[in-house]
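Each chain, written out:
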Amino acid sequence: KNEVEQSPQNLTAQEGEFITINCSYSVGISALHWLQQHPGGGIVSLFMLSSGKKKHGRLIATINIQEKHSSLHITASHPRDSAVYICAVRSTGTASKLTFGTGTRLQVTL
Amino acid sequence: KAGVTQTPRYLIKTRGQQVTLSCSPISGHRSVSWYQQTPGQGLQFLFEYFSETQRNKGNFPGRFSGRQFSNSRSEMNVSTLELGDSALYLCASSSRVQYGELFFGEGSRLTVL
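If you're matching them up, the sequences are chains A and B in order.
Under our numbering, the first residue of the first sequence carries the number 1, and numbering increases by one thereafter.
Under our numbering, the first residue of the second sequence carries the number 1001, and numbering increases by one thereafter.
A hint or two may mislead.
Restraint ranges, calculated between C-beta atoms of paired labels, are given here [to be verified]:
1) A:53 - B:1040: 31 to 39 Å
2) A:110 - B:1070: 30 to 38 Å
3) B:1053 - A:18: 25 to 33 Å
4) A:65 - B:1014: 42 to 50 Å
5) B:1018 - A:52: 44 to 52 Å
6) A:94 - B:1086: 26 to 34 Å
7) A:50 - B:1084: 45 to 53 Å
8) B:1084 - A:18: 38 to 46 Å
9) A:109 - B:1079: 39 to 47 Å
10) A:107 - B:1040: 19 to 27 Å
Straight-line C-alpha distance at most 30 Å; calculated DSS-like pairs for lysine-lysine [said to hold, decoys possible]:
11) B:1057 - B:1013
12) A:97 - A:68
13) A:97 - A:54
14) A:97 - B:1057
15) A:55 - A:68
16) A:68 - B:1057
Worth flagging that the hints you see were computed from the coordinates, not collected in a lab.
This one's a predicted model, so the numbers in the text were calculated from it and none came from an experiment.
For each residue, glycine too, the CB sits at the ideal point set by N, CA and C.
Could you put together the complete structure from these sequences and hints?
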C-alpha cells in the first residue's frame, strides 16, 4: 500500500462544477502540500498545510490530522484548471522526506 | 524575484555516460531538494540539501549523487547512465526544510539512448 493515496485518478468536469480531490496518507507528517502540474512539466505549489483549512481564490484545502486525510476543492471550475493535482506529504523524524501521491488528472470542459 | 532555474532544460545522453544537472534556488533559500519524475513511478524524492549539508537521500542507487555549494546552488550527477534514468528531474527550493513552501524549477528532461 502506498504511503499516499489520491482519488480519483482521473476526473472530468464541466465548467462551473464544484470539484473535490482527496488524499489519504499513512505516516506521521509535519506538512502536506498540494501541487499543480500542467502539461509540459512545471509544478506550482498551491498550498502547504499542517492543520485546518486554507483558501486561495477558488481553491480550498483542508486537512484532518487525526484521520490522516486532506481534500482539495475547486469551486466554479474553469478549463484553465485542467491539470494534474498532486498531494505530497513531508514525513516527520530524522529521515524526513517528501512522498508523493500518484496525482489526479483533471479536465474541465466548456 | 527570480524563480528556480534549472539547466540544461533538455539533454540526450547514451548509456554509460554521465550527466550533471544544475539548480539555482530563489535568492535567500538555503534548502534545495531534487526529484525524479517518470510515467511509471511518478514523482520520487532523490535528495535534500540545506546549507551545503545533505539532510536526506531517497532510495536511489549510488550512481545518483548531489552537492550544494556555499551560494546554495546545487548540482546532481548521475553516472553510468541507464535507459531507465530517462526522466524529468525537478528541483525545488525552500526557505525552510520542514515547513517551507516549495518552489519548483521547470525541470531538466533527460533522455538516455
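Verification of the supplied hints:
1. Checked against the hint of 31 to 39 Å, the pair residue 53 of chain A and residue 1040 of chain B passes, with Cβ atoms roughly 34 Å apart.
2. For the hinted restraint 30 to 38 Å between residue 110 of chain A and residue 1070 of chain B, the CB-CB distance of approximately 51 Å leaves it violated.
3. A hinted range of 25 to 33 Å for the beta carbons of residue 1053 of chain B and residue 18 of chain A is inconsistent with their spacing of about 45 Å.
4. Checked against the given bound of 42 to 50 Å, the beta carbons of residue 65 of chain A and residue 1014 of chain B, roughly 48 Å apart, stay inside it.
5. Distance hint for residue 1018 of chain B and residue 52 of chain A: a CB-CB separation of about 46 Å, consistent with the stated range 44 to 52 Å.
6. For the hinted restraint 26 to 34 Å between residue 94 of chain A and residue 1086 of chain B, the CB-CB distance of approximately 32 Å keeps it satisfied.
7. The supplied range of 45 to 53 Å is broken by residue 50 of chain A and residue 1084 of chain B, whose beta-carbon atoms lie about 35 Å from each other.
8. Hint check: residue 1084 of chain B to residue 18 of chain A, Cβ distance near 40 Å, so the stated range 38 to 46 Å holds.
9. Separated by about 46 Å at the C-beta atoms, residue 109 of chain A and residue 1079 of chain B satisfy the suggested range of 39 to 47 Å.
10. The hint said 19 to 27 Å for the Cβ distance between residue 107 of chain A and residue 1040 of chain B, and at roughly 22 Å that hint holds.
11. Distance check on the hinted pair: residue 1057 of chain B and residue 1013 of chain B sit about 24 Å apart at the alpha-carbon level, within 30 Å; holds.
12. Taking the CA atoms of residue 97 of chain A and residue 68 of chain A, the gap is about 17 Å. The hint holds against a cut of 30 Å.
13. Distance hint between residue 97 of chain A and residue 54 of chain A is fulfilled; the C-alpha atoms sit about 23 Å from each other, no more than 30 Å.
14. A distance of roughly 8 Å separates the Cα atoms of residue 97 of chain A and residue 1057 of chain B; the hinted pair therefore holds under the 30 Å criterion.
15. Simply put, residue 55 of chain A and residue 68 of chain A have alpha-carbon atoms about 20 Å apart, close enough for the 30 Å limit, and the pair holds.
16. With a C-alpha separation of about 25 Å, the suggested pair residue 68 of chain A and residue 1057 of chain B falls inside the 30 Å cut-off, and the hint holds.
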